[in-house]
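Asks: Protein sequence lines correspond, in order, to chains A and B. Start counting the first sequence at 1; every next residue gets the next number (our numbering). Start counting the second sequence at 1; every next residue gets the next number (our numbering).
To be clear, the hints were calculated from the coordinates, so they are not data collected in a lab. Hints may contain errors.
[Stated by the list, open to error] Some chain A residues judged to face chain B by a derived CB distance under 7 Å, without partners named: (1) M95; (2) L98; (3) P428; (4) R434; (5) G438; (6) S450; (7) A453; (8) R454; (9) R456; (10) F457; (11) R460.
[Said to hold, decoys possible] Calculated from the model, a selection of chain A residues having no Cβ within reach of chain B, i.e. all distances over 10 Å: (12) I25; (13) G141; (14) K303; (15) K559; (16) E573.
[As the list claims (entries may be wrong)] Below, simulated SDA-like cross-link-like pairs (lysine to any residue); rule was C-alpha separation at most 20 Å, straight line: (17) A:K153 / A:K261; (18) A:K447 / A:E403; (19) B:K36 / B:F10; (20) A:K447 / B:P65; (21) B:K112 / A:D446; (22) B:K112 / A:K153; (23) A:K449 / B:E172; (24) A:K404 / A:I414; (25) A:K449 / B:D47; (26) A:K447 / B:K112; (27) A:K445 / B:E150; (28) A:K447 / B:I147; (29) A:K447 / B:A130; (30) B:K111 / A:I262; (31) A:K449 / B:V71; (32) B:K111 / A:A443; (33) A:K445 / B:A148; (34) A:K449 / B:K112; (35) A:K611 / A:E573; (36) A:K449 / B:R64; (37) A:K449 / B:L156; (38) B:K111 / A:V50; (39) A:K559 / A:E535; (40) A:K153 / A:K255.
No residue lacks a Cβ here, since even glycine has one placed at the ideal position from N, Cα and C.
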Amino acid sequence: MRKIFDFHGGIHPPENKHQSTQGGIESIALPKELIIPLNQHVGAAADPVVETGQHVLKGQLIAEAHGFVSANIHAPTSGHIRAIELRTANHASGMAVLSIVLEPDGEDRWIELESCDQPETLDAQAIIAKVRAAGLAGMGGAGFPTSVKLGGKDIQTLILNAAECEPYITADDILLRHYAAEVLAGAQLLARVFPRLESILIGIEDNKPEAIASLEHALAAQPNTGNTLAIEIVVVPTKYPSGGEKQLIQLLTGKEVPSGKIPAAIGIVMQNVATARAAWRAVRYGEPLISRITTVVGKALKKQGNIEVLIGTPIAHVLSERGFRETESERVVVGGPMMGWAIEDTLAPVVKATNCLLLPSKEELPAAPPEQACIRCGLCAEACPAELLPQQLYWYARAEDQEKLRAYNIFDCIECGACSYVCPSSIPLVQYYRAAKGTIRQAEKDKRKSDQARLRFEARQERIAKAEAEKEAKRLERKKAAEEAKRKLAEKQAAEKSASAYSATESAKDSTKDSAKKDAGEPDMKAIKSEMVKEALAAAAAKKSAQQDDSSEAEKELKRLQRGLSSAESRLERARATLLKNQEEGADATRLDTLAARVKEAEQKVNDARKKLEAAQ
Amino acid sequence: MIDILLQHPFISALVALGLLAGTFGAVLGFASVKFKVEGDPLVDQIDELLPQTQCGQCGHPGCRPYAQGIVNGEAINKCPPGGQATINALADLLDVEAPSLDEEHGQEDIKKVAFIREDECIGCTKCIQACPVDAILGAAKQMHTVIAAECTGCDLCVEPCPVDCIDMIPVESTLSDWHWELPNPAQIIATDRQNQEESQAA
Numbered sequence: 001m002r003k004i005f006d007f008h009g010g011i012h013p014p015e016n017k018h019q020s021t022q023g024g025i026e027s028i029a030l031p032k033e034l035i036i037p038l039n040q041h042v043g044a045a046a047d048p049v050v051e052t053g054q055h056v057l058k059g060q061l062i063a064e065a066h067g068f069v070s071a072n073i074h075a076p077t078s079g080h081i082r083a084i085e086l087r088t089a090n091h092a093s094g095m096a097v098l099s100i101v102l103e104p105d106g107e108d109r110w111i112e113l114e115s116c117d118q119p120e121t122l123d124a125q126a127i128i129a130k131v132r133a134a135g136l137a138g139m140g141g142a143g144f145p146t147s148v149k150l151g152g153k154d155i156q157t158l159i160l161n162a163a164e165c166e167p168y169i170t171a172d173d174i175l176l177r178h179y180a181a182e183v184l185a186g187a188q189l190l191a192r193v194f195p196r197l198e199s200i201l202i203g204i205e206d207n208k209p210e211a212i213a214s215l216e217h218a219l220a221a222q223p224n225t226g227n228t229l230a231i232e233i234v235v236v237p238t239k240y241p242s243g244g245e246k247q248l249i250q251l252l253t254g255k256e257v258p259s260g261k262i263p264a265a266i267g268i269v270m271q272n273v274a275t276a277r278a279a280w281r282a283v284r285y286g287e288p289l290i291s292r293i294t295t296v297v298g299k300a301l302k303k304q305g306n307i308e309v310l311i312g313t314p315i316a317h318v319l320s321e322r323g324f325r326e327t328e329s330e331r332v333v334v335g336g337p338m339m340g341w342a343i344e345d346t347l348a349p350v351v352k353a354t355n356c357l358l359l360p361s362k363e364e365l366p367a368a369p370p371e372q373a374c375i376r377c378g379l380c381a382e383a384c385p386a387e388l389l390p391q392q393l394y395w396y397a398r399a400e401d402q403e404k405l406r407a408y409n410i411f412d413c414i415e416c417g418a419c420s421y422v423c424p425s426s427i428p429l430v431q432y433y434r435a436a437k438g439t440i441r442q443a444e445k446d447k448r449k450s451d452q453a454r455l456r457f458e459a460r461q462e463r464i465a466k467a468e469a470e471k472e473a474k475r476l477e478r479k480k481a482a483e484e485a486k487r488k489l490a491e492k493q494a495a496e497k498s499a500s501a502y503s504a505t506e507s508a509k510d511s512t513k514d515s516a517k518k519d520a521g522e523p524d525m526k527a528i529k530s531e532m533v534k535e536a537l538a539a540a541a542a543k544k545s546a547q548q549d550d551s552s553e554a555e556k557e558l559k560r561l562q563r564g565l566s567s568a569e570s571r572l573e574r575a576r577a578t579l580l581k582n583q584e585e586g587a588d589a590t591r592l593d594t595l596a597a598r599v600k601e602a603e604q605k606v607n608d609a610r611k612k613l614e615a616a617q
Numbered sequence: 001m002i003d004i005l006l007q008h009p010f011i012s013a014l015v016a017l018g019l020l021a022g023t024f025g026a027v028l029g030f031a032s033v034k035f036k037v038e039g040d041p042l043v044d045q046i047d048e049l050l051p052q053t054q055c056g057q058c059g060h061p062g063c064r065p066y067a068q069g070i071v072n073g074e075a076i077n078k079c080p081p082g083g084q085a086t087i088n089a090l091a092d093l094l095d096v097e098a099p100s101l102d103e104e105h106g107q108e109d110i111k112k113v114a115f116i117r118e119d120e121c122i123g124c125t126k127c128i129q130a131c132p133v134d135a136i137l138g139a140a141k142q143m144h145t146v147i148a149a150e151c152t153g154c155d156l157c158v159e160p161c162p163v164d165c166i167d168m169i170p171v172e173s174t175l176s177d178w179h180w181e182l183p184n185p186a187q188i189i190a191t192d193r194q195n196q197e198e199s200q201a202a
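If we strip away everything but chain A, and leave its shape as in the complex, we get:
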């Protein structure tokens, strides 16, 4: 006999389970239309793969999982796709979500399913693939895609959750009474996904004797092949919320899931019994998840009980089939009285995770009495199964102090409602925590976005600065190049001037030089050239020094005029020389004319320069 541990706190609300366990699993007529939301699971919404007007068969894939954490969606019956549009979601917000609207044709014709006669021969990957293809998502209420959970590594314990601790809900109870063998087969199937598995446990509360008997019977009947792990049925005392994932783990193993972690962190994976059965049917018969057992209960109904409902059935249709008396009812609750939420629009559909529809009469579940001041009695802290301090969380939630809320581990709150249940001041504590969690998540999201915006803004500023710097660098480069060109031009001009000065001196003392040239021959030419360069440089230096000189304007002017005169003279000299040369060579008349004109021009310039110089002197 396994030791049963205990978890902190918990409450014992009236169970109210008998109303819905009298009958078996009933069915209702097909609705006029099925509204199948694309996001019935935790994670990304599925992508529709059908078009409006298309005819689909029962079990046909109509929307494909988008990404890893997502689930496929199949047609719950045969019919025509009427629309893919926004419809009211089965959600506390009452918002609209993209849904596929299917009009049943009444034939309920199945698509050909790929069954597997020997599921025990399949390997882990094949099982996970089949479970994923069938679009399984946790049927206990959270709707987490099952295939993702099956990917957990290093799992030693598989727990099937049959605790069903919340009042009114009996969907799993009824399921076990009828399909215990399939649940056990599903457990064995899922167990094979985990190579290091050591034990398979089924946790069930002791208020379901029929279900326990059924399970034990099925277990005894199960062929013991020897190579499978034995399944252990663990009966736990009835206490809300023993069906909470972390609480049931604590009850069965004594281990606590660390804050902010999932059970896989301590080698445990938990599946709902209905999910286990669905997994079995998915692998054995290839049946996708298109219907589920839902408890429809409450005094505002003529007939209470469990119904096998097609996914996508509008809640209004279920209610009308069950004789819902609207006048007697206070509200329509999806889920149980502890964790469920009221919906306004009953056209919202039943989804994969809808385990209960509660239609209480006004006396049965009266509206919450008005909230009063917290008297710090501490009952909530005693009841809290997560061992939090609800009264502190309440203050900080009201003060919207996110830092403190985190410090008091608000994200470990499982929103079970035990604190609100025991509160003598009827404070809707869970509502405060839900709101606070939402605000914190929103703030985190905003923070991420603003960080991103800051990065982009800074990157842009940097880019602009860089572009500006590049432009400036280019401008400076151009400026430098222009200066360089100017300097070169000036040098060239200076060189020319000095060269002409040189030729002038040369012509003055030509006889001596000429003889020297003749004597020295070629090397002398080089000497002359270098001399010319030297002189040019000297002239340039002189010019520069003259420019830099502090000498007066008049002197500068004088020097400039002198230079002008000398250059004009040299030009005249050259012009005359060319003219003579051409005359000797016997060039044509026009050429001689132009040369003569140039000589004259040069003479004129020399005269001008001389006059100017004289005037300046």
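Starting from the structure of chain A, add chain B where the hints point.
Replies: Positioned in the frame of chain A, the structure of chain B alone reads:
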């Protein structure tokens, strides 16, 4: 030396204090060099709290310059996109009284995102140049479009558009970002409750 110190307690006290002052001065001097903080950390902290819309409604060219401005003594209520929440956070950080938003700089508005009516866009790139976070995509004489996920809703692209083809559309909330509202009950005392029940019964 020791004798002098022993005989003149006043001098010995001065020497001791002088030594202490010298030692601690050296330590402080070393620390101020070794642990020098580049820039003003307060600017970073304030910048963290600002919404980073870079809208310039505060009169500064971006959020960081405004953070610098606040450090230099400017009012903390000039940020309409951040609204009262940002003002409260800033007041909390700076330990001052939280004023209400200065309406002169604009009013707190719901979150919006820019949308370019693409068939009207002439491809002038003016909005691209105005966008502080590079959230507009396009090229000269090509249609432009807004990357909605990156848009901060700062409004700066609307004004430069020569053909007025940019709309600011309120961001629609989706199921994924919906969350419960904080309950806002009227606080009552026990006697009120009794009265209420009686009136209900009546």
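Asks: Taken at face value, is the distance from the CA of E573 of chain A to the CA of K611 of chain A at most 20 Å?
Replies: Holds, at about 19 Å.
Asks: Straight-line Cα separation of K447 of chain A and P65 of chain B no greater than 20 Å?
Replies: holds, 19 Å
Asks: Run the distance test for K153 of chain A versus K255 of chain A: straight-line Cα separation, threshold 20 Å.
Replies: holds, 18 Å
Asks: Given R434 of chain A as an interface hint, is the shortest Cβ-Cβ distance to chain B below 7 Å?
Replies: It holds, given that the least Cβ distance between R434 of chain A and chain B is near 4 Å, below 7 Å.
Asks: Under the criterion of a CB-CB separation shorter than 7 Å, is G438 of chain A in contact with chain B as hinted?
Replies: holds, 2 Å
Asks: The hint names R460 of chain A as touching chain B; please verify it with the least Cβ-Cβ distance against 7 Å.
Replies: holds, 5 Å
Asks: If you draw a straight line from the CA of K445 of chain A to the CA of E150 of chain B, is it 20 Å or shorter?
Replies: holds, 13 Å
Asks: Please confirm whether K559 of chain A is truly not at the interface, meaning its C-beta sits more than 10 Å away from all C-beta atoms of chain B.
Replies: holds, 56 Å
Asks: So if I understand the rule, the pair passes when the alpha-carbon distance is 20 Å or less; does K449 of chain A with D47 of chain B pass?
Replies: Holds. K449 of chain A to D47 of chain B sits at ~14 Å (cutoff 20 Å).
Asks: Does E573 of chain A clear chain B by more than 10 Å, comparing its Cβ with all Cβ atoms of that chain?
Replies: The claim holds: E573 of chain A sits with its nearest Cβ about 61 Å from chain B, beyond 10 Å.
Asks: Given the hinted pair K449 of chain A and K112 of chain B, is their Cα-Cα distance within 20 Å?
Replies: Holds, at roughly 14 Å.
Asks: K449 of chain A and E172 of chain B: Cα distance at most 20 Å?
Replies: With a Cα-Cα distance of about 16 Å, the restraint between K449 of chain A and E172 of chain B holds, given a limit of 20 Å.
Checked against the numbered hints above, the structure violates hints 2, 19, 22, 29, 30, 31, 38; every other hint is satisfied.
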